[in-house]
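Given these sequences and hints, build the entire structure.
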Amino acid sequence: MDSNICVYSFSPFGYEGSLVTVEVDLRRGIPAVDIVGLADGAVKESRERMRSAIINSGYDFPCERVLISLSPSDLKKEGAGFDLPLALAVLIKSRQGEFNFLNEKILIMGELELNGKLRPVRAVHAAAATAFAAGIGMCIVPAENAEEAREAGSMKVFGASNLTEAFEALSCSKMFTGKSRDYLNDKKAGIPQGAVEKHGILFAPVEEGYEYSEVKNQKKLVRALQVAAAGGHNLLAYGSPGCGKTLSLQKFPALLPLLTAEESSSVTRIHSIAGLLAKGSSIIRKPVFRQPHQTASIEGICGGGCQCRPGEISLAHNGVLFLDEAAEFRSSVLQMLRVPLESRSITISRAGRSTIFPASFQLLMSANPCPCGNYGSKDKICLCSSRSVEQYWKKFSAPLLDRIDIRIRVDSSPSADNMEEKAMTTDQLREDIGKAVALQRKRQGKKNALLSPEETARYCITSSDAKKVLDKASEKYEFSPRAASGCLKLARTIADMKEKDIIDGEAMTEAVSLRKNENTISLML
Numbered sequence: 119m120d121s122n123i124c125v126y127s128f129s130p131f132g133y134e135g136s137l138v139t140v141e142v143d144l145r146r147g148i149p150a151v152d153i154v155g156l157a158d159g160a161v162k163e164s165r166e167r168m169r170s171a172i173i174n175s176g177y178d179f180p181c182e183r184v185l186i187s188l189s190p191s192d193l194k195k196e197g198a199g200f201d202l203p204l205a206l207a208v209l210i211k212s213r214q215g216e217f218n219f220l221n222e223k224i225l226i227m228g229e230l231e232l233n234g235k236l237r238p239v240r241a242v243h244a245a246a247a248t249a250f251a252a253g254i255g256m257c258i259v260p261a262e263n264a265e266e267a268r269e270a271g272s273m274k275v276f277g278a279s280n281l282t283e284a285f286e287a288l289s290c291s292k293m294f295t296g297k298s299r300d301y302l303n304d305k306k307a308g309i310p311q312g313a314v315e316k317h318g319i320l321f322a323p324v325e326e327g328y329e330y331s332e333v334k335n336q337k338k339l340v341r342a343l344q345v346a347a348a349g350g351h352n353l354l355a356y357g358s359p360g361c362g363k364t365l366s367l368q369k370f371p372a373l374l375p376l377l378t379a380e381e382s383s384s385v386t387r388i389h390s391i392a393g394l395l396a397k398g399s400s401i402i403r404k405p406v407f408r409q410p411h412q413t414a415s416i417e418g419i420c421g422g423g424c425q426c427r428p429g430e431i432s433l434a435h436n437g438v439l440f441l442d443e444a445a446e447f448r449s450s451v452l453q454m455l456r457v458p459l460e461s462r463s464i465t466i467s468r469a470g471r472s473t474i475f476p477a478s479f480q481l482l483m484s485a486n487p488c489p490c491g492n493y494g495s496k497d498k499i500c501l502c503s504s505r506s507v508e509q510y511w512k513k514f515s516a517p518l519l520d521r522i523d524i525r526i527r528v529d530s531s532p533s534a535d536n537m538e539e540k541a542m543t544t545d546q547l548r549e550d551i552g553k554a555v556a557l558q559r560k561r562q563g564k565k566n567a568l569l570s571p572e573e574t575a576r577y578c579i580t581s582s583d584a585k586k587v588l589d590k591a592s593e594k595y596e597f598s599p600r601a602a603s604g605c606l607k608l609a610r611t612i613a614d615m616k617e618k619d620i621i622d623g624e625a626m627t628e629a630v631s632l633r634k635n636e637n638t639i640s641l642m643l
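Here the sequence shown is numbered in the numbering used here, starting from 119 and rising by one per residue.
Be aware that one or more of the hints could be misleading.
Think about it this way: if two alpha-carbon atoms lie no more than 27 Å apart in a straight line, the pair counts; the simulated BS3-like pairs of lysine-lysine are [stated by the list, open to error]: (1) Lys618 <-> Lys586; (2) Lys496 <-> Lys540; (3) Lys540 <-> Lys560; (4) Lys162 <-> Lys338; (5) Lys585 <-> Lys564; (6) Lys194 <-> Lys223; (7) Lys585 <-> Lys540; (8) Lys618 <-> Lys316; (9) Lys513 <-> Lys498; (10) Lys338 <-> Lys512; (11) Lys553 <-> Lys404; (12) Lys618 <-> Lys560.
The set of hints was computed from the structure by calculation and includes no laboratory data.
Below, the structure is given as structure tokens:
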């Protein structure tokens, strides 16, 4: 372009996406707008929105034939975010010599209304991060997306409300604002007001409805959730309807510490791609809690579509995926979880293109013990046949259950050892969680549940008593190697909560009881 201003936009696809160069040429011929470069229907329609927006904003649309090239030419261009870059590229080409920027690369995204106003678009954080990595230091985006773009790197950002403001920004460098910091190196960036610190670990303030002192007579379940939060372990809670398992699991986000800056980067990028960032938000520091409905499809859980958008397991990255009434989900959906739980990522392939989404999520599931929900109840009669109960639990399959470290039965009628004078508050539960998380971040930089076999052998040092407990349990319950490793990781978390370097017999005994206790054998074997 003769103006020496190189306009870039962004085509979202999967987790990565691609930068797109926008070039304009004015030539003699019948006035028309031609777009080349494998544009989809939404991008082709932008020429009509662009023409109306330019005219209604008080500018003259070129009388020549306009050729717009989007490169790379073999990459399919998708989305409504090309409206603004196309309009500005046309104005730049037709009004040369009026700009302060020479030899500058500028990222531009935005959807235009016919009157010239701008609508917010998705994937701005991903676009800005990709552009910043490619050496582009300036961007123009809709005002609602400006904060999102500023947090992607130390870029100079202008948030425009309409086409006129965006075009005038090219003539005034003072309109662009940058950040003197990079949030990846600022540990306080995005921290919610009123955050609570426990042993150097930050937690969000306890919101209404997330207080665990409201959970009565479920001491074992609350303890299991505390251990799960401290080490990132997967958990299955089952019990009769109305026993409080769903209520307790839905409060689980209150036990999770805030994400580190590194963890929040990928989470924010995924939600930006999905278009789920709240208006005016910057980065996500609270762990995400996703609770899909039982009718969810495989594509809804793992992701897909023509643009390979993230599914529930990727949206729950560095957070929690909660499947309530898990046995009501399709068997294919439940079995699909096995690979992401192991690899912590998912590869989606569509029409010759593929993308890899991170999917390091913590799985929580709740279920009834049988179709009617009364199996094992002391005061209710179960009307299910043994075959129906067996078919009910076969939906989970042994390989999936083997990846669940904690299995806990929730009783509707409290037993004597499950009752307590006063339930622990969320703040009290966070004390031991903070201890464990601080030790894990200092020791290996990851949650205990994510330890590799080599790291498990290195960090899970057991006493002789603990080793005897594990050996005896492995023989009694016929633990698989994965189950034995899960017990070690659970015991490591329990020891961390007590700030002990060596796993003792007490910690291992509790870990084994959480992994598989007597009450779960008849249902899970």
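Unmet hints by their number, sorted upward, for this structure:
3, 4 and 7
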